[in-house]
Amino acid sequence: MAAPKTLFEKVWEQHVVAEPAGEPPILYIDLQLVHEVTSPQAFEGLRLAGRKLRRPDRHIATVDHNVPTTSAQDRLVIADQIAAAQVNALRKNCAEFGVEFFDVQDRSQGIVHMIGPELGATKPGMTIVCGDSHTSTHGAFGALAFGIGTSEVEHVMATQTLSQPKPKTFRITVDGELPFGVTAKDIILAIIGEIGTDGATGYAVEYAGSAIRALSMEGRMTICNMSIEAGARAGMIAPDETTFAYLKGRRFSPQGTAWDEAVAQWKTLPTDEGATFDRELHIDATELAPGVTWGTSPGMYANIDGTVPTLNDAKTEADKKSFARAYEYMDLKPGTPMSDIKVDAVFVGSCTNGRIEDLRAAADIVKGQHIATTVRAMVVPGSQAVKRQAEEEGLDTIFKSAGFEWREPGCSMCLGMNPDILSPGERCASTSNRNFEGRQGRGGRTHLVSPEMAAAAAIAGHFTDVRKWKQ
Amino acid sequence: MEPINVLTSTAVPLPLPNIDTDQIIPKQFLKRIERTGYGDFLFYDWRYNLDSPAKEPNPDFVLNKPEYKGSQILIAEKNFGCGSSREHAAWAINQYGFRAVIAPTFADIFFSNAGKNGIILVRLSEDDVKTLLDRSTKNSKHEITINLEAQTVTDNEGFSAHFDIDPFRKYCLINGLDDIGLTLRHVADLDKFEAKHDKEFWSAPKGAM
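The listed protein sequences correspond, in order, to chains Y and Z. In terms of numbering that gives the first Met the number 0, the first sequence opens at residue 0 and continues consecutively. In terms of numbering that gives the first Met the number 0, the second sequence opens at residue 0 and continues consecutively.
Derived by calculation from the structure, the hints in this document are not laboratory data. Misleading hints may appear alongside valid ones.
With a cut-off of at most 16 Å between alpha-carbon atoms, the simulated EDC-like pairs for lysine to aspartate or glutamate come out as follows [what the hints assert, rightly or not]:
no.: 1; chain 1: Y; residue 1: K167; chain 2: Y; residue 2: D277
no.: 2; chain 1: Z; residue 1: K115; chain 2: Y; residue 2: E22
no.: 3; chain 1: Z; residue 1: K54; chain 2: Z; residue 2: E66
no.: 4; chain 1: Z; residue 1: K205; chain 2: Y; residue 2: E99
no.: 5; chain 1: Y; residue 1: K314; chain 2: Z; residue 2: D44
no.: 6; chain 1: Y; residue 1: K9; chain 2: Y; residue 2: E272
no.: 7; chain 1: Y; residue 1: K165; chain 2: Y; residue 2: D259
no.: 8; chain 1: Z; residue 1: K198; chain 2: Y; residue 2: E260
no.: 9; chain 1: Y; residue 1: K165; chain 2: Y; residue 2: D363
no.: 10; chain 1: Z; residue 1: K198; chain 2: Y; residue 2: D56
no.: 11; chain 1: Z; residue 1: K129; chain 2: Y; residue 2: E316
no.: 12; chain 1: Z; residue 1: K169; chain 2: Y; residue 2: E22
no.: 13; chain 1: Z; residue 1: K205; chain 2: Y; residue 2: D318
no.: 14; chain 1: Z; residue 1: K129; chain 2: Z; residue 2: D154
no.: 15; chain 1: Z; residue 1: K137; chain 2: Z; residue 2: D154
no.: 16; chain 1: Y; residue 1: K167; chain 2: Y; residue 2: E12
no.: 17; chain 1: Z; residue 1: K140; chain 2: Z; residue 2: E156
no.: 18; chain 1: Y; residue 1: K91; chain 2: Y; residue 2: E43
no.: 19; chain 1: Y; residue 1: K9; chain 2: Z; residue 2: D154
no.: 20; chain 1: Y; residue 1: K91; chain 2: Y; residue 2: D102
no.: 21; chain 1: Y; residue 1: K165; chain 2: Z; residue 2: D165
no.: 22; chain 1: Y; residue 1: K9; chain 2: Y; residue 2: E22
no.: 23; chain 1: Y; residue 1: K320; chain 2: Z; residue 2: D50
no.: 24; chain 1: Y; residue 1: K467; chain 2: Y; residue 2: E391
no.: 25; chain 1: Y; residue 1: K266; chain 2: Z; residue 2: E199
no.: 26; chain 1: Z; residue 1: K54; chain 2: Z; residue 2: D39
no.: 27; chain 1: Z; residue 1: K129; chain 2: Y; residue 2: D318
no.: 28; chain 1: Z; residue 1: K191; chain 2: Y; residue 2: E18
no.: 29; chain 1: Z; residue 1: K195; chain 2: Y; residue 2: E12
Isolated chain Y (complex conformation) (with noise of 0.2 Å):
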């Protein structure tokens, strides 16, 4: 009998092109994800040195990072002109090298870590890559995917490969039942406020145990999404049953008896018994609450109930300091109660957390009520396709007669590469992935949340404990 393999082993050996000597192994890429900001050196490289693409099939293209989202009429006409030139950049590049894109108000325009899963482009055991950093996004499906540079962008574009080194790999196995109110988005920030920014660098993560496979894929794909946060090469989990459902009958599924083919060799990808990890690490989900991220990396997070950590609690010297300038930047004293936290702003999207399942929790909150009057506060879906099953379901109405404002799709204040940015000073609740200094806009302030703690941080003007939420 063969030796037990991880997901990430098998993935991986179904994709090894070349193993030159003294080299890294070259990588089969199955699909890249291609967007306006990281593509058009790539296209202008291949251009001046007469390369095309090798396979335009294996690519898909939209426009996300900086279209607006405030009308329909804002985001054909970007009045931005750089950010236009961009656009139109990728538009003619499009056209000239033959890949399918999805333009601004496409119907299937949206976040590209959005439209991938949603077109059914995204599947069990696929190589991805995108010149973006979220791209683990897509390892909720069991894929390995990951995020690459411009010049990445073009090797892929010219050769369908990548010379790869080959990462560790790293199980972090969730157990129990999520109490409530806790979201995956806790889970992970969890995680990453565990094991640090860099605790996974190097490491390609599988996320195992009942906890994760009770989620849902909107809830994977939160997880894996932010696993860049936790330094990691990618993030993975087993495809099942959830992960079928999700698929069957979207637009690049396999249909008929492929679909029936494709199922079984789906079912061979998870994690044999007896495989093992480079690295393993536990954590008990009934002991999880909602979190809030206090400072200015992912990884320095409080739970609701706790309060901003003081010098004391950092582990090291360069966390100390990290610490000290973090209370500056963010303006808060060690030792504040979380719950104390006023906000100015709340955002509620973003390939984190901008999928319809975060739109009906966040609607669940504010149903009937209305934001504080010193709150301002916006919905972004994460794509067209979001933003009509939520008008359908009469989600926009709820968000609006909140106080919300309900906009076109795009990764708008995630990282404020269109209009959609914080003031110098302003404090946010987002339901995004960063919290750099600047992320949100050059002197604003981001704390990270779920859509449920950002929802009812709206209507309170403060960060709240969503598990004492009353409607």
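Once you have looked at the hints, place chain Z on chain Y.
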């Protein structure tokens, strides 16, 4: 990519951990479609006084201190380059004039991007990095030599350390090699693999190929 082997230079100390790519180059410069012209935007939010209309250089930030002008080596603490995959961070570092960064650890994607742009990333122990940071902070004339062939870092105050680097990455840096060309040497293997792999319809992004 410009070949590089031995680099001797003064160094800019940036004694902070987890310097993310949003700090190295903020988002607003990612809208450009060019590959050059990023050097002026390196560490933009820290480097310029953005509250003033003239956006004059912030005199307290190390890159603006005249004594550190022209340095080709940057030294920082752990997890340098974490966050976004933007290669603009590597372009900005390179185009500012840095040819090497020394730190205890680097984030994965940045590590890869730096290699594609001929930037030497040197991983030393936290203690060694602290020694070099302290010396460069105290003395802007503190001079460091990185020898890629020998995999050593030395300075003009008696410091000496060995560093590890993947042999293939070292070979590419020393020879300034273009990656796509290297892969295309294996095009026969690729053709063969792809013909077989295409039949695995589950792997096709758009249904059966």
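Contradicted hints - numbers only: 3, 5, 7, 9, 13, 19, 22, 23, 24
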